[in-house]
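Generate coordinates for the entire structure from the input sequences, incorporating the hints supplied.
Protein chains: 6
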Amino acid sequence: MKKLVLTGAAGRLGSYLREPLTQLCDELVSTDIADDIGTLYAGESYMSGDLASMDDMMRVLDGADMVVHMGAYADEGPFEKLLGPNFVGAYNIWEASHRLGLKRVIYGSSIHAVGMHPKSDFIDTNVAHRPDTFYGLAKCFAEDLGSLYWDKHGLESVHMRILSCAQVTSPRALGSWLSYDDLIQLVTRCIDSPTVGFSVVYGVSDNDRAPVDNSQVNFLGYRPKDNAEQFAADILANAEPANPQDVGDMCHGGPFASVALGNSGMATMDIVDDTKKT
Amino acid sequence: MKKLVLTGAAGRLGSYLREPLTQLCDELVSTDIADDIGTLYAGESYMSGDLASMDDMMRVLDGADMVVHMGAYADEGPFEKLLGPNFVGAYNIWEASHRLGLKRVIYGSSIHAVGMHPKSDFIDTNVAHRPDTFYGLAKCFAEDLGSLYWDKHGLESVHMRILSCAQVTSPRALGSWLSYDDLIQLVTRCIDSPTVGFSVVYGVSDNDRAPVDNSQVNFLGYRPKDNAEQFAADILANAEPANPQDVGDMCHGGPFASVALGNSGMATMDIVDDTKKT
Amino acid sequence: MKKLVLTGAAGRLGSYLREPLTQLCDELVSTDIADDIGTLYAGESYMSGDLASMDDMMRVLDGADMVVHMGAYADEGPFEKLLGPNFVGAYNIWEASHRLGLKRVIYGSSIHAVGMHPKSDFIDTNVAHRPDTFYGLAKCFAEDLGSLYWDKHGLESVHMRILSCAQVTSPRALGSWLSYDDLIQLVTRCIDSPTVGFSVVYGVSDNDRAPVDNSQVNFLGYRPKDNAEQFAADILANAEPANPQDVGDMCHGGPFASVALGNSGMATMDIVDDTKKT
Amino acid sequence: MKKLVLTGAAGRLGSYLREPLTQLCDELVSTDIADDIGTLYAGESYMSGDLASMDDMMRVLDGADMVVHMGAYADEGPFEKLLGPNFVGAYNIWEASHRLGLKRVIYGSSIHAVGMHPKSDFIDTNVAHRPDTFYGLAKCFAEDLGSLYWDKHGLESVHMRILSCAQVTSPRALGSWLSYDDLIQLVTRCIDSPTVGFSVVYGVSDNDRAPVDNSQVNFLGYRPKDNAEQFAADILANAEPANPQDVGDMCHGGPFASVALGNSGMATMDIVDDTKKT
Amino acid sequence: MKKLVLTGAAGRLGSYLREPLTQLCDELVSTDIADDIGTLYAGESYMSGDLASMDDMMRVLDGADMVVHMGAYADEGPFEKLLGPNFVGAYNIWEASHRLGLKRVIYGSSIHAVGMHPKSDFIDTNVAHRPDTFYGLAKCFAEDLGSLYWDKHGLESVHMRILSCAQVTSPRALGSWLSYDDLIQLVTRCIDSPTVGFSVVYGVSDNDRAPVDNSQVNFLGYRPKDNAEQFAADILANAEPANPQDVGDMCHGGPFASVALGNSGMATMDIVDDTKKT
Amino acid sequence: MKKLVLTGAAGRLGSYLREPLTQLCDELVSTDIADDIGTLYAGESYMSGDLASMDDMMRVLDGADMVVHMGAYADEGPFEKLLGPNFVGAYNIWEASHRLGLKRVIYGSSIHAVGMHPKSDFIDTNVAHRPDTFYGLAKCFAEDLGSLYWDKHGLESVHMRILSCAQVTSPRALGSWLSYDDLIQLVTRCIDSPTVGFSVVYGVSDNDRAPVDNSQVNFLGYRPKDNAEQFAADILANAEPANPQDVGDMCHGGPFASVALGNSGMATMDIVDDTKKT
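Protein sequence lines, in the order shown, are assigned to chains X, U, V, Z, C and D. Counting with this note's numbering, you get residues 1 to 278 for the letters of the first sequence. Counting with this note's numbering, you get residues 1001 to 1278 for the letters of the second sequence. Counting with this note's numbering, you get residues 2001 to 2278 for the letters of the third sequence. Counting with this note's numbering, you get residues 3001 to 3278 for the letters of the fourth sequence. Counting with this note's numbering, you get residues 4001 to 4278 for the letters of the fifth sequence. Counting with this note's numbering, you get residues 5001 to 5278 for the letters of the sixth sequence.
DSS-like cross-link-like pairs, simulated, lysine-lysine; straight-line CA separation at most 27 Å:
(1) K2081(V) with K4081(C)
(2) K5081(D) with K3081(Z)
(3) K1225(U) with K2225(V)
(4) K4225(C) with K5225(D)
(5) K5225(D) with K225(X)
One-sided and incomplete, this derived list gives chain Z residues near chain V with beta-carbon spacing under 10 Å:
(6) P3118
(7) D3121
(8) R3172
(9) N3227
(10) A3232
(11) A3239
(12) P3241
(13) N3243
These are computed hints drawn from the structure, not numbers from a lab. By construction, the Cβ of each residue, glycine as well, lies at the ideal position given by its N, Cα and C atoms.
So this is what it looks like as structure tokens:
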């Protein structure tokens, strides 16, 4: 591949992906809303751009083969706050990719698109949407958008429903953890698979307690190597007792399943991406 | 029921529903973007309002028990054109209904939320989304929104995926027709069912060739009475030969499955609702 | 068929079945725990017996071809109270039928064997057990018993999961009603079907709102004729508002889904069978 | 449609279809291995031909739009006996249809392609093959052939798995009966449906005891009108007791499920088609 | 966890679990029907009790957080013999646990609850019951009991359907073996999982030939480490030829699938638990 | 096992299996159409025979316990060319095995029996046939034949749907590769499993990108050890770009999915078996 674009490059996961992605292409264009993101890696350039602006996205994606779209407002918030970056931003990415002839979008979706399914359902990648937040609702929207552009324009996309790509600090994360190494493997498979059509894949490590089913997309070749069980003894020894009547303890979305809609008020959470807004 | 609101009351289907809905409540508030809609029925009042305005929707829904939400830009068009009435409009309806304590939203969804599924799949109401247009994408969005508000706020909704509520003029309509009488029965069931939670139901008559499966929502009691087979001999005698390689002939969405995304350019189509834009 | 036995013949449903069953055999032996049941029909004889006594059941079933087993304590109650008639009684019926060479057991099971499934699940006859009461738990036990005797001894059985065979007095019954005529048709099909192996069938009329799926046992030929929708207008006009957060309103078991375990304390309920205990 | 070909026109079912098919086309070409079939209907011509001869089939199908392929050795028999007419014959029909540009093959398949499935499985049209005889094996072969030519050449086909198109004389036929009128409706739908791709449909009337599931091909619009239950009282009163340990009583294939492979030795059976061999 | 109770502590599997369970709690109360069980482990105390006595179970479970319920008559036997310990005993455990406020029951269920399913069905944990013995019927009963108490009282339970926790001495055991180490891991996961609701899990090692599917309860984190394939060469070299017409060779229950109901007459079998009766 | 027969012993895969199979029996009879196959292994004898001749197959299989049937015309070709060796040949093998009392047929089937299923469907071993070539059609035929002889005669068979047992030279083979060692393990499991009934299993290594699902036949104990991912970097670096609109890139059958029916005209392909025709 010649040219690859990464959105949300200044965010938490985006920052982490920059260096590995430079290994997979001749030229990486990183983009975010900030004016700059500091020192660049070999093979990387930076272009500032607003996801909510079609002109910006047309400019940023010009000449690219694929885009890894991680940019978004990366927390639960009021619908009005997510409308621009998460909804319109996704539309701009797909429409610009289509106009410019890109081959594929690799999208940072989230478990929160299906977070209200009970954890006792071992959900596969064909399960119906069941968002837990406006944040998850925006992920549903982008997945449906990807389905539409594949069916109508032949634009491929893979939707990585990331569970928790962060330090393991809770019992839930023993099942939902995605290690950074496994994240990189996942993104690499999404890029190097010869064909993907429209696909959905869960972003989760090879945890003993992983509660989701990737078998439908076995052909992608994603085989995670890390396992959160290494942290189990410590985490469980210090955990608060769980409450089987609490949707946050019983549903795939975890804390997002019980959070107030539109206003998390939570200090920390296992969110996926993290576009810095200035 | 005391007070019911009907959005899109000036549209094609909305116009037809006004009189029957007055029979199901003490007070029907019809609303649309136009200044007035002419002569009112007994028990009906009219309030002008823009779906894209939260203030308008808060004003229109105030004091209501339920809302039948049929308002939308009722054709395929550019995403930008649908963003206000179809996406933001749906959000405003659900959020205002929640804030005001309504019990239920009855929504005019569409087969186009799943229109790219091949007709040889007898799709049920749990099938994954597969929109065929931006119009269908907006229906997917509203269905996910309904799921979210039910799970988080206990606000009930029924999503009527109407196939073709119009005169039977094509072979496809022999399967997809929804008669006006059956539409009224369907809306009535959506209103009088004691509980609906979050439900999806196909709006189609009892056609011999009906290609979709409502059995999952049998409990709603929707039992259509009309059958488009009465038109079959005439329609088939004069029909152009179908093309089994054409997605428009093979998929549930019909002409929307083969139309160009964002710009139908079609003179007539089997659309559901029809908010008059002035 | 020469000789047929009916247990629970003094109960509510048993009483109703006596006369029709005399039409299906040369000799009907009715049995219950009472000393007598009054005037007999032509072709009917009566034998008193206690379900919990193997000796009694061996005596009653001697020489019979099939047994229609409706006898049970017919309400929710303490486990200890149901242990004899509902659990041990079922064992005695199957074991005696096996020892005596009967061909088939037709069993009055109940929706309460699966009553905690949400009504939004259109449950078929293969769904896993999910009882709502000790009463339902006994039905689960008898179904498993029937499976065991079919697999190990070739003793056939049909398990009629009756929903509500009583007057329609609540919104729930609009879906769950089984008319007496349809009950008789159902029992007749269970008897005249050439083979049944081990089968489960829902006992429900052809209600518009019927929430369960008998398609897996289509081969039995049960095609109900009555429809509770005739009562809908009256019932719904006078019904209390339903509560979508109440398991009693949302689950198949209805009031048994929300009743206190082991002690109904309810004045009236839609129970199936009704062995008079003196 | 201009020109339609009917194979097996001298057989039992073929004979019955000749007149109705003349109503559906300008020109019907009937064919069989016999030299002539007597008096012709208006619009009908006859061409003698051997199914096992590609030359014959190329000659017979020339210029046709569709073919209704009912010709076959119509009973269980040694594999060697069926190889020509049933296997090679089917290949000749599909290959000649492809070479000559026909639009569609309507094929007289049979329940015997899936006859070893237990009747307690309500099999749908996607169930895996499970033939009960060499006769059924040939039906499996033709179905796979139809799938292949659709996928590779876009040649459409509908495979009518006929259950028992004959007088009702056994308890099994109470479920499996296909009336002649319903057969004609079925063939008509297979012809007039705008698109069929590759489809399988069970040929069975609207019997109360029908043991198979056509819902997957609802879009074809086949809605049988007859019901064998009208014969039930007589048939059941005089039937031998069934044996639940007998595969012939428990499997969809009925007597073919228990017949000796390759040599039926049965005087009468519920076979579908009946090419006269001279 | 502070206090844990183990029933059937004098039985074969119970004896093995005593020491490991002391590592998982501050205080382990072992119980069985015998007067004593000899030397105790650190942290362990012993209380004699009869499963069939509610008073005994109320006394034994008092103050506990969870109970590992392994006690039962541990072989096939007459129904009357199992009624007390296996049926009433299970009821007493759940009812006492509910009254005393325990959080969870971990139950020693068995493959014999579903043992008549053919081994060619890769059964998951949602499969319908299909017991192979009265022993298995009692396991079905306890599973339904666990479902009921979870739905009605929020009392959690995990039902470990153990296949064969014994030395590998037959070809069947190459698939069904559960090593002692894996048993301990399984029980540990059942205890340390933050929430389990009502769950079923197969107790089987990571055998190449394991015939059952635990994927639905992946969230429990049970990942067995042992593999009976290490014994395959020896076992297969000396095995009697299997008989594909024998239910014992073809069904999940193995020898219990072909044993006479109620009276095994077998010298050794792969049973789960083993309450010593004196 | 005493005596084992291997057909297609002169073919590519047959040649490879000869030596390992001598380890699994007292006497291996290798057969092919050639007069001789050169030097024999210890315990091996050779008999020339034509698959299309029943007499030859009766002679070759006489006295054997099982047969590994790999012989076939091992490429796509005209139907007429495959009719003898692939269709009639399979019939001869099964019929002769039945007449001679063999216990089991192990058959070299192929992914091409289901090759037109899209690779985004993770197909299991119960999926409906969907052949991609006449070659695949013959595999479908032999599978149905195996089902028939199991149901009617109790003759066991395992159908190994081999994906690509050849050097890894294309991106597709990263998923479809079956290593020689894994092939040997697979054939060994098919032979040493105590019972197999009628089973289908995919022949594929433990590739990260393996696109098919063997879980339904877990009981066979086939656990492949090799993984084509070791070749991924090289293969992908030099691969032509894939085309997501090409059935050859999107379907399980790979190049056979896009090849012209009946005449491959391809220089090399990933075919399974390879009977030398002289």
